[in-house]
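Model the full assembly from the supplied sequences, consistent with the hints where possible.
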Amino acid sequence: MKRLPVLVALIWVCSVFYVGIFLFVGGFLLVRLEVNRTSTCADVLSPGAQVKGDFCLSEPRFRRAVVLIIDALKADFTRYDPENTAPKPFENKLPVLDEMASSHPSQARLYTFRADPPTTTMQRIKGFTTGSLPTFIDVGNNFASNAILEDNLVHQLGQVGKRVVFMGDDTWVSLFPKKFHKSLPFPSFNVKDLHTVDNGILQNIYPTMEGDDWDVLIAHFLGVDHCGHRFGPDHPAMAEKLSQMDGVIRSVIKRLKNDTLLVVMGDHGMTDTGDHGGESQKETDAALFLYSSSPLFSAPGSQVEPEVVPQTDLVPTLALLLGVPIPYSSVGQVLLPLFPQNGSRGAPTGLSQAEALWINVKQVNRFLETYSNMAKDIPPDSLSQLRADFSNISSQYLAAVHKGHLPSHDLVVSMQNYLTGVRETCRASWARFNPFKMAAGLLILGVSCMLCYVISELSHLVIQEGLLKLPILSGLVVGLVVAAGQLFTQGYLELSWCLGAASLSSEVLFLWRTRGVSPRGRWSASGLLTPALLVLFLRCASLLSDSYVIYEGHVVTFLLFTLSVYIPLRLNWDGLLVPLPPPDTQKPPRLLPTTLPSSVVRREATILLVWLGVMVGSLYLSLSLHNCREEQGTCQPSPFLSPLSRVQDSQLRNLHYVLSVVSLAMWGYLLHRWLRHYGNLNCSSVTVFSACFLLPLACVCMGLHWAVSATPEDTFRTLSELIGLAQVFLPRATFCLLGLGLLLLWVDPMTVFLKSRTPLNSRGTSLPPPKYRASTGISPQAELHHLIPQLYQRIRHSLEDGVTESGEADSRPAVEAYGLGTVYSAPLILLCGLLGLVLLLLHPEGMALAFLLLLLEAAAVLHIHACSTTLSSLHKHSNGFSVPWAPVVSWSLAAAQFFHATGHLPTFPSIQWGAAFVGFPQGHTGTVLPASLVTLNTFSSHIIFAVGCPLLLFWPLVCEVRGTRSTRSAGAEESEDAVMEMRLRENPQKFSSGLLQLAARYLFVNGAQVFASVCAAAILRRHLMVWKVFAPKLMFEASGFIVGSMFVILGVAMVMRVDMSVGGLFKKLLPQNSRQSSLITSGPAKAAPAQVEVSHHIGSDAACGSFPDNPEVMTEN
Amino acid sequence: MWDVEIRGMASAHAIIASSIFMATVMPAVLLENFSVYGTHMVWLYCVAGSVAVVNTAVFWLLGISPPTKKNTLSYKINRLSRSCLYFLLSCLFFHTVVVMYGAPLLESALETFSLAVLLSTLTTLRCLCILGPNVQAWIRVFSRDGAMSVWDTSLQITTGCSVIGAWLGAFPIPLDWDRPWQVWPISCTLGATTGFLTGLVAAPVWIHWHRKQLTYKLK
Ligand SMILES: [Zn+2]
Ligand SMILES: [Zn+2]
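If you read the protein sequences in the order shown, they are chains A and B. Following my numbering, the numbering of the first sequence begins with 11 at its first residue and continues without gaps. Following my numbering, the numbering of the second sequence begins with 7 at its first residue and continues without gaps.
It should be emphasised that the hints constitute simulated quantities derived from the structure, not laboratory data. Quantities reported herein were computed from a predicted structural model and do not represent experimental measurements. Check each hint, because a few of them may be wrong.
[Unchecked claim] Cβ pair distances, simulated, as ranges: (1) A:540 to B:13: 34 to 40 Å; (2) B:55 to A:551: 36 to 42 Å; (3) A:98 to B:87: 56 to 62 Å; (4) A:197 to B:43: 58 to 64 Å; (5) A:91 to B:110: 44 to 50 Å; (6) A:96 to B:110: 27 to 33 Å; (7) A:282 to B:41: 33 to 39 Å; (8) B:185 to A:504: 44 to 50 Å.
By construction, the Cβ of each residue, glycine as well, lies at the ideal position given by its N, Cα and C atoms.
Dropping the structure here:
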C-alpha cells in the first residue's frame, strides 16, 4: 500500500485545520495588554490636592494590616442564622464574623465580595493585587503561574519599605518572586491534602504576629477550597474546616493592635459540588470581612452601604488606608465606608472620602490615558465620554478645593460613577475581537472542510497522482514570501498571517487542480443530501444554539439514535432486510441475479437488530452517566462520577466498587475473547504476550488501586504509610504495564501464527514444532469456529501456472496462518483496549461502566455497519473499500456522546483535575505531565474513537467470514473462501485510497463540527452566553479536534505499521518456498514474481494459492 | 380507474383531516376551559379517538380492508382481538422508542404513553385498517417495491410524515423560550398531528403526479 501519500495528505489537512483554528482563536480570545508602569509616591501629589507633604511619608490610617485569605470562602459560609436549628455542614460555622459585625458595628463589617470570572485562584490573586481584570485567556495558566509584571499592591508596599510577610499557598511565591520580606510557602497543588497549608500557617502566624518583624501579613488558607474539591461543601469535613477557620479568626482578632487592619476574604466561591472557575453567582460571590480594634466605620445608616463589593475595589482601599500609591493598572474604586465623610474630623491622618476618591479618579484616568495610547481596543466614543467626565470632575473638584469648602455630595457621586464607568468600559473592551483574524480563520476552516470532502471523494486520485506536491510546495513558498515581505516592510514577523497565507494558498491551489479531475455528477446536491450528512448538518446547526449546547449530551444521543434506527429502516425500504420472495417472473430482475441465500439474509438481519438493541441499550444507559451544567436547573450529576472516597455510605461504596471492577474485567475479557475468537492469540509474539499477560495484570493493578484509593483515610491508620505507597505505585505500575504493552504493540504488531505442515518448510525458520498447537489448546471444534488458518490466495491463473510448473504439486498445503484474517484489526483493537485502560485509570472509578458501554457501543456501530454492508453488498457494487457516511458520522457522534457519558462537559469547571494526581498524589514539579494527563482524561472518548477509526474499514471484512461460511455449507463455490482482511492486501491501491477516504471523512465530520462552533462563536460573539457557553464550547471542540486528529493519524500509522510487518512476513515466507517450487520470475504484471502455497485446512481440501510478493512494486514498475 | 381511486382517496383523506379539526373545535365549543395546551391530554385523546373512529369507518365503508378468507363470526372476532392486541403492542413499542429517545422514564409517563397512543392511532391503526393484523405485510409495505395499491402508497406517506413530524416536534423542547407548547409532549403530539395532516394532503397529490411511474402488482 501507499503509505507516504496517505500520511502526507492527512498531516497536511490536519495542519491546515490547525492554522484555521489558531487564526480564529487568536482573533477571538484577545489578551489584555499589560501596562508595565508603576505608580510612585509623587504621582499622588498634584497641584491643588490638599495632602500635606509627601504622601508616602505622611502618617497613614493604618500602619499594619493582616490579610487572611480563606480560599473559596463562599458568601454563604459566613452568614449566621441563629434560627437555623439543623444547619448543614457549611452553615453557621463561622459565627465570629457575624458576632463582631453586630456587636461592634463601628469596628467590623461583613460584605459580599464579588469576584470577576474566571474564578480560578491564580486569576483572583492577580485580580486583587493589581486591581485589574484578568482576561479569559488566562484561565489555562493555572498550572504555570508566572510572576506578575504589572504594578501591584505587594510591589507598592515593598517600595515604601513595608515588610510584607507571606505564608500559605505557594502560588503567591511564584507570582511575586522575591517581593516578600519573609515568606513561608506550602505546597498547594495537591487537592486531596486538606491540612498541610493550613497547619503550616497556624504554626507560624501567631509567633509572627506577636513579633515585630512585619507590617503586612498575608496568610492564604487552602483547606476550605481543597475540602470543597475533595468532598464538596455538604460534608462533615467542611464543618470541621470552617470551625477551624472560626478559631483562627478569633485568635487573630485577640492579638490585633489598634493600628492594625484585619481583612478576612475569600478569593471566590464554589458550586454545590465544590468546584469553581466559571461565572455563576455561587462561584463569584465570596465574603469580605473588615475589622479594626479602633473605630473604623461611621454609625450604620449614616451613609449608603454597598450591597456587594467588587473584588477590584480592595486594592485602592487597602493602598490608601496603608498609605501607598494605588497600583498603576487598578480600575477599582475605594470602598467609601472605610473613609470618614470629611477628613478634618475623626482620624487626623486619614483621607476624607472626597480626597480618597479624587486620588482614585486621577489614578484611573492616568491608567486609561496610558492604556488607550498603547492599545486601540477601547471604543473611542466611550473613551471621549470618559475624558469629558474626568475634566468635568477635575474642574469642579479643583474649584471646590480652591474655594476652601468641602466637595459637594453630587461631586462624590459623579466621581463614583466615573470610576464605575471606567471599570465597565474596560470589562467590555477586554473581551474584544480581531475581526480580520476571525474572518481569515473562518475562511481557512471552511475551505479546509471542503478540502476534506474533496479528498475523501477523490482519495484514489490523491494517492496516485502527485496532486499534493504542488499545493504543499506552493503553500510553503507563499508562506515564506509573506514572511519575507513582512520582515521587509514592517520589520517584524506576524506568524499567524504567514501561516494563514500559506494554508489558504495551498488549499485553493489544490481545489483548483482537482476542479477538472472531479467527475461532475458527484458534486451534485443529491450526493450531499444523504440522511447521514443531514444528521451531521443538524449536529452542526445545534452548535449554534446555546440551549442545544447546554443539552448537547442529549442532543447527540438523540441524533445517534436516529441515525442507527435509520439504517434498518433504509435496508427494509430497499427490500434487503427480509429475504426476498422467490423470484418473480413478472417483475424484471432489477437486482443482480446472485442474491444472498435467505438464511444468510435472515441471520444477518437478526444480528443487525440484536446489535441495534445493544446500541440503543448502551445509549440509554449512558444517559444516566452524565454530569450537569449549572444551567441545567434540576439536573443531578450521576452518582458514578464522584470518586469512591467521597461516597459516605460504605455499602453503596462497595456496590460501586464491585460494579466498576466487573466492568473493568468485562472490558479485558471482551478484548481477549475477541482476539481468541479470531485466532490472534496463537502465536508467541510479544503482542500476544501483552494481550495475555500485560492486559490482565494492568486490570488487576487498577482494581487494587481503586480499592486502595477508596478506603476512607481513618479506617486503617496503622497502614496509612502503606496505603500512601500503594497510591503512588499501583497506578504507576499500571501506566508502565500499559505503556510497555503499547510499545510492544508498535514494535511487533503481528498476531499471526504460522504453522508449517510440510516438514521441509520448517528448516531455517523459527516455526514452532507441531505440538505447540496442542499446548495452546486449540480444539478442532474451535478451529471450525474462526480459528481457521486464513487462506491467502490471489490470481487464479497464476495458481494454475504454479500447479503446472511445480508438477507434482503436493496435495498438502504448505503454510497455515492463524489469525491472518484479522491481521490489521487485531493490533488496532488491542491498541484501543490498552489506550482505553490508560484513559480509564485517569477517570473516577465509576466511569468503568461508561467505558464498558463505550466498548459495546463501538462494537454495535461496527457490527451494524458490517451487517448493512453485507446485506446491501448485492444492491450496490462494492466500490473498493469505501466506508459510507452513515457509520463515519455515527462513529464521530459516538465519540461526542461518550465525551458526555464519561462525565465531561464543555465547561472549564467540569475539567477533571483529579486526573493529574493519579499516580502522583504529591503533586508535580513540572507542568507538562499534569497538563497532558488532564488532556488525556478530557478527550479520552475522542482518542479511543479516533484510534479505532480504521476499524470501520476492516469490520465488514472481518465479519465477512460468516456469510461465506454458510455459503460453503450451502454448497456454494469453494473458491470464495474467507479471505477477510487479506482482501486489503490483494488490492493495495484500493486499500490505501479506502483508508485515506475513511480518515478524510472522519476528519471532515469532526472538522465540520469545529467549523460550526467557530461560526457560532463568531456570529454570536455579542450573545449573552458567549463566554459561558459558546467560547468554552469552541475551545473544547477545537482541542478535541486537535487531539482527535492526532490520534486518527496514529491509528492510520498503526495500520501502516501492521502492513509493513505483513509485507515483511510474506517476504520472509517467499524465499523458503521459492526454493521448492520453480517459479515464474518475470513476466507481465499479472504474473507474480514469487508464490507461496498457503492453505486453509478445513476438511481435506487442499487449495493452493499464490500471491505476489509486493504488489506495489509491480504497479510502480 | 386511476382518477376514481385518487379522488376516492382524496375525499377519504379530507374526511379524516376534517375529523381532526372537528376534534379540536368541538370540545372548545362544548367544554369550558378547553385549550390545546392547557388541557392537552383531553385534546390528544379527542383527536386520537376521532381519527380512530373515522379511519375505521371510512376504510370499512370503502371496503379497503384486506379480503377475509373466512367470513365466520369467530374468525372476525379473532381478527378483531388480534388487531386490538397489535394496537396495544404498538403503543408499548412507541412508548419504549420514545423513552429511548430521551423522554423521562418515570415522571410524566402518562404523557409519554399518550403520545405513543396518538402515534399508534396515526400509524398502526391505518396499517390495521388497510393490511389487517399481519406484521409481515406491514414490513413489506414499507419497502420500495412493497406497495400494492394506491392505499399502500398513501399509508407509506402518512406514516412516514407522522413519525417524522413527531421526531421534528422534539426539536424545540430544549430551547429556552418558555412557551407553553414546549412542555413535553405537546410539541411532539402537535408535530405528529401536523405531519399526519401533511401526509393526508401530500399522498393524493404525490400519487397523482407519479401515476405514470406507479405500477402495482395485482393482489
Ligand atoms: Zn481559590
Ligand atoms: Zn480551588
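Hint numbers contradicted by this structure: 5
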